[in-house]
Amino acid sequence: MNRFRAFVKKEFYHIFRDKRTMLILFGMPIMQILLFGFVITTEIKNIKIAIWDKSKDEVTQRITNKILGSSFFKLVKTIENEAEIEQAFKKGEIKEVLIFESNFSKKFNSNKSADIQIITDASDPNVANLIVNYTTAILYSFTAFENANIKMPMQIITESTMLYNAELKSVFMFVPGTMAMILMLVSAMITSIAITREKELGTMEILLVSPLKVSQIIIGKVAPYVLLSLINVLTIIFLAVTVFEMPIVGSFMLLFAVSTLFIFMALSLGILISTVTSDQQTAMMISLIALMLPTILLSGFIFPIENMPEILQWITKIIPPKYFISAIKDIMLKGSDFQHIWKDVTVLAGMTVFLLLVSIKKFKIRLE
Amino acid sequence: MRTIFFILQKEFNQIKRNLFMLQLMIILPVVQLIVLANAATMDIKNINLAIVDRDVSTLSRQLISKFEGSPFFTITYRDFSEKEALNQILINEADAVIVIPENFQKKLIKNDKAKLQFSVNAINGMSAGITNYYIQSIILDFNKKIISDWKMPSSELKNMKSINVKFQHWYNKELIFNIFMVPGILVVLVTIMGMFLPGLNLVREKEIGTIEQINVTPIKKYQFILGKLIPFLIISFIELTLGLLVGIPLFSVPVVGSFLVLYGAALVYLFAVLGFGLLLSTFANTQQQLMFLAFFVLIIYILMSGIFTPTESMPDWGKAINAINPIYYFMNAIRMIILKGAGFYDIRSQIFPLLIYGIIVFSLAIFRYRKTAV
Amino acid sequence: MLNNRDIVINVKNLTKKFGDFIANDNLNFEVYKGEIFGFLGANGAGKTTAMKIICGLSLPTSGELTVAGYNIYKQQDKIKANIGYMSQKFSLYEDLTVFENIRFYAGIYGLSLKIILRRADDLIKKLGMENMRNTLVRSLPLGWRQKLAFSIAIIHKPQIVFLDEPTGGVDPITRRQFWDLIYDAANEGITVFVTTHYMDEAEYCDRVSIMVEGRIEALGSPQELKSQFDVQDMNSVFIKLARG
Numbered sequence: 001m002n003r004f005r006a007f008v009k010k011e012f013y014h015i016f017r018d019k020r021t022m023l024i025l026f027g028m029p030i031m032q033i034l035l036f037g038f039v040i041t042t043e044i045k046n047i048k049i050a051i052w053d054k055s056k057d058e059v060t061q062r063i064t065n066k067i068l069g070s071s072f073f074k075l076v077k078t079i080e081n082e083a084e085i086e087q088a089f090k091k092g093e094i095k096e097v098l099i100f101e102s103n104f105s106k107k108f109n110s111n112k113s114a115d116i117q118i119i120t121d122a123s124d125p126n127v128a129n130l131i132v133n134y135t136t137a138i139l140y141s142f143t144a145f146e147n148a149n150i151k152m153p154m155q156i157i158t159e160s161t162m163l164y165n166a167e168l169k170s171v172f173m174f175v176p177g178t179m180a181m182i183l184m185l186v187s188a189m190i191t192s193i194a195i196t197r198e199k200e201l202g203t204m205e206i207l208l209v210s211p212l213k214v215s216q217i218i219i220g221k222v223a224p225y226v227l228l229s230l231i232n233v234l235t236i237i238f239l240a241v242t243v244f245e246m247p248i249v250g251s252f253m254l255l256f257a258v259s260t261l262f263i264f265m266a267l268s269l270g271i272l273i274s275t276v277t278s279d280q281q282t283a284m285m286i287s288l289i290a291l292m293l294p295t296i297l298l299s300g301f302i303f304p305i306e307n308m309p310e311i312l313q314w315i316t317k318i319i320p321p322k323y324f325i326s327a328i329k330d331i332m333l334k335g336s337d338f339q340h341i342w343k344d345v346t347v348l349a350g351m352t353v354f355l356l357l358v359s360i361k362k363f364k365i366r367l368e
Numbered sequence: 001m002r003t004i005f006f007i008l009q010k011e012f013n014q015i016k017r018n019l020f021m022l023q024l025m026i027i028l029p030v031v032q033l034i035v036l037a038n039a040a041t042m043d044i045k046n047i048n049l050a051i052v053d054r055d056v057s058t059l060s061r062q063l064i065s066k067f068e069g070s071p072f073f074t075i076t077y078r079d080f081s082e083k084e085a086l087n088q089i090l091i092n093e094a095d096a097v098i099v100i101p102e103n104f105q106k107k108l109i110k111n112d113k114a115k116l117q118f119s120v121n122a123i124n125g126m127s128a129g130i131t132n133y134y135i136q137s138i139i140l141d142f143n144k145k146i147i148s149d150w151k152m153p154s155s156e157l158k159n160m161k162s163i164n165v166k167f168q169h170w171y172n173k174e175l176i177f178n179i180f181m182v183p184g185i186l187v188v189l190v191t192i193m194g195m196f197l198p199g200l201n202l203v204r205e206k207e208i209g210t211i212e213q214i215n216v217t218p219i220k221k222y223q224f225i226l227g228k229l230i231p232f233l234i235i236s237f238i239e240l241t242l243g244l245l246v247g248i249p250l251f252s253v254p255v256v257g258s259f260l261v262l263y264g265a266a267l268v269y270l271f272a273v274l275g276f277g278l279l280l281s282t283f284a285n286t287q288q289q290l291m292f293l294a295f296f297v298l299i300i301y302i303l304m305s306g307i308f309t310p311t312e313s314m315p316d317w318g319k320a321i322n323a324i325n326p327i328y329y330f331m332n333a334i335r336m337i338i339l340k341g342a343g344f345y346d347i348r349s350q351i352f353p354l355l356i357y358g359i360i361v362f363s364l365a366i367f368r369y370r371k372t373a374v
Numbered sequence: 001m002l003n004n005r006d007i008v009i010n011v012k013n014l015t016k017k018f019g020d021f022i023a024n025d026n027l028n029f030e031v032y033k034g035e036i037f038g039f040l041g042a043n044g045a046g047k048t049t050a051m052k053i054i055c056g057l058s059l060p061t062s063g064e065l066t067v068a069g070y071n072i073y074k075q076q077d078k079i080k081a082n083i084g085y086m087s088q089k090f091s092l093y094e095d096l097t098v099f100e101n102i103r104f105y106a107g108i109y110g111l112s113l114k115i116i117l118r119r120a121d122d123l124i125k126k127l128g129m130e131n132m133r134n135t136l137v138r139s140l141p142l143g144w145r146q147k148l149a150f151s152i153a154i155i156h157k158p159q160i161v162f163l164d165e166p167t168g169g170v171d172p173i174t175r176r177q178f179w180d181l182i183y184d185a186a187n188e189g190i191t192v193f194v195t196t197h198y199m200d201e202a203e204y205c206d207r208v209s210i211m212v213e214g215r216i217e218a219l220g221s222p223q224e225l226k227s228q229f230d231v232q233d234m235n236s237v238f239i240k241l242a243r244g
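Sequence lines, in order, name chains E, D and G. For the first sequence, the positions run 1 to 368 when the working numbering is used. For the second sequence, the positions run 1 to 374 when the working numbering is used. For the third sequence, the positions run 1 to 244 when the working numbering is used.
Don't take each hint at face value.
Said to hold, decoys possible - Calculated from the model, a selection of chain G residues having no Cβ within reach of chain D, i.e. all distances over 12 Å: (1) Y109; (2) D200; (3) Q232.
Unchecked claim - What follows is a set of in silico ranges between Cβ atoms, one per label pair, in the way DEER data are often shown: (4) N109(E) with L355(D): 32 to 40 Å; (5) D18(E) with D20(G): 20 to 28 Å; (6) E200(E) with L59(G): 14 to 22 Å; (7) F256(E) with K106(D): 45 to 53 Å; (8) S112(G) with V358(E): 52 to 60 Å; (9) K106(D) with K151(E): 28 to 36 Å; (10) D18(E) with I321(D): 40 to 48 Å; (11) N109(E) with K144(D): 17 to 25 Å.
Since the hints were made in silico from the structure, they are not lab data. No experiment lies behind these values; they were computed from the predicted model shown. For glycine and all other residues, C-beta sits at the position ideal for the given N, C-alpha and C.
Isolated chain E, as found in the complex (with noise of 0.2 Å):
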């Protein structure tokens, strides 16, 4: 016993004498967090338009000032003729040009209808489809003031409500995501590497003839990165609760006991990475294509799985985030007990055991 603990006490002196490894594996998941909550945003905000306005009057006017006073719009341009339209786009000055008809505020007034154009720059569809959403809301509001005098019948009032997030704040939806990427970053992926290097430099041929257990070993290569991940969890956590007002309607115990066996998953990964690979650049290759890519992509964590191609639905099926991501969420911000997440729960308990044996089946393979 006093011969593993003078292990693990090596295993951590190791890890955390590099500071420079240190300084990134606790700097990025605050950084991430930081730009998820702050930069990366999928709401629109400042989008710059300009105006052709055929009419010059007073409706215009109005409208216009309707329109750039909301945040999402600033108008940087105002054209005179199509040709300025299209170069304006292929500049990429401007995302949205709205056209107003000629002789507008005697349409609006008199014949009671006037028509406004609106171009957009639709290389980036969604951009393109929120703006004119938003534009014909506000539009819309426009003119519900203008007939505000006017009696309407039968009019279905609807009130809409966000459930768990009232703001449609995007980071709700990153906080959990982000927390899978760094798990899977640093239990798997640095697992796998740090232990590769061991082989690699010739030094885990001496830990095997030690006597210490296989199990020993293994346990004393990932007891610090155990450690790491769970201080990471509870960075993110406090980023998320403090800076972001991201609530915790659940349980914090469970929160945290899902976080426990998604790193307990993910380091299993981690040294199945290692027996299948020898050299480091191989192993960082597989986790960075095979962990990475897929934990940002397919998990659910930025794009909806719903929205995938039925092939690709059942690809994420496999990928583990897509569990934690979908327990985490529910945790947080649906206040779901384990009875409505026990089926994640399952499937990564499932995957951890699996993944365990292979590994352990590996090892023996290879100390034959």
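Given the coordinates of chain E, work out where chains D and G should sit on it, guided by the hints.
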């Protein structure tokens, strides 16, 4: 010039020796392009709807059939319990719940006003916004239709002013997300190659010790660095070409711009990125350190580049970071060229910063890579 | 052999400090053309530091140096073109073949393709490696690699070749073969500057210098040193010096 030739010959021989890595470098990114461009979609194809109809009237049924008829909605739950309907959201079986209250039809006809409530699972704010918009527009359509069906237009109604909004989406009429993502993912793939590999290669010579041998030869700093750079520049171009050859037909990306401009911009960009990777490599003594460092920087740069999200919406300090983010400039440029047909003149405010960036990181890399070790 | 007294390395008052630590303390010596100059010292005595300065891998804190007639501060490029170097770290590319390594190093010294091919053939023949021409260096035994590394270090026929503990880790027979190569090089007029801690190898040198704690404590031919310290072999010279 002759020296560079021999250096290049050596580098290519070494790359050729590691065939596994070469295949990994060439084939995997293309596979990823295919998978990822499909995965990265914000297009909402299906919204699962739970409907609680407490009114059970002609109008409520008509409204429900409106939702049934829409290609965007699937009604997965239809009953009387609002609690159970909300639970459907909790267990992820439904994305939104619409509650039609009792006396909906009666109030609508008698009071000319009736309330309708709906709730959207807003954990994904972006999807929730779109779902909200779709539900609102179906209700609005329905509202217009019943007004014309049930009530004679009153004289007052004739006084109602309206604005007709017509919209046109240029460059991507049907708002297909793949078209937007393919160039973006191409940038990422080429960048990973350019940022990691030349640097790893250089650090490897440090680790093995061959760099010392090189340092006592008459090879100049710039020659050695060019030797690391040119092979990966060529491989990156092959990568880009392969990506374009596969991606364009597969996702029917409409190429409006010229390939000459595209490759010209790519050359400037790769110069900057490769230089940046080499600069990072001068801060690392082992390949492991370099991987962490490059990975850290790469993730930040990619996410901030506007690959998924609009960069205009960022706060000022985010934009300030982007000013030194080469991926941001090229992300913009490649989309402008491919999708909008921008020429060199149009993308000058992307190209000049990249050119300056490239020159600076290169000078720094050569300066920091001390041929004379201390 | 020492008739020719042309000076190819001239070191005057060379000092190298790392912070407070003085690695080289005011070294003064000359190396003559065509001789085998042994640079001896215990580990940490400062011989590798001094050698790196002389080859232009690092700059001295102070002192005047000329190598192959060129000034170390102003004409480093000229120096580099006129020296060869082989370090204790293995310096060939393991993932290139024997021939590819030869071609690469010969190429970067500016030899023409015709000369490269001819010298590569000569070299391979001389080492008896005809059937290993296209073998990856990775799969050569250590002794072969070291002989190859040395031959490549002098492929451009430099004025001086620097060898940093070239025979570390190889068996005595291979070491003997390696020294045959060194003699051949010296016979061709290449000055050999070699660091070693094998005292029997010191006997093979024309002159040796012995460094202790950053200073050169003894300099002369093995014969001179042995009589100066009144001992039978170089090992005893060394032990006497080390004990102070």
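Consistency of the hints with the structure:
{"no.": "1", "hint": "Y109", "verdict": "violated (7 Å)"}
{"no.": "2", "hint": "D200", "verdict": "holds (27 Å)"}
{"no.": "3", "hint": "Q232", "verdict": "holds (37 Å)"}
{"no.": "4", "hint": "N109(E) with L355(D): 32 to 40 Å", "verdict": "violated (54 Å)"}
{"no.": "5", "hint": "D18(E) with D20(G): 20 to 28 Å", "verdict": "holds (27 Å)"}
{"no.": "6", "hint": "E200(E) with L59(G): 14 to 22 Å", "verdict": "violated (34 Å)"}
{"no.": "7", "hint": "F256(E) with K106(D): 45 to 53 Å", "verdict": "holds (52 Å)"}
{"no.": "8", "hint": "S112(G) with V358(E): 52 to 60 Å", "verdict": "holds (58 Å)"}
{"no.": "9", "hint": "K106(D) with K151(E): 28 to 36 Å", "verdict": "violated (19 Å)"}
{"no.": "10", "hint": "D18(E) with I321(D): 40 to 48 Å", "verdict": "violated (26 Å)"}
{"no.": "11", "hint": "N109(E) with K144(D): 17 to 25 Å", "verdict": "holds (22 Å)"}
Hints 1, 4, 6, 9, 10 from the earlier list are contradicted by this structure; the remaining hints agree with it.
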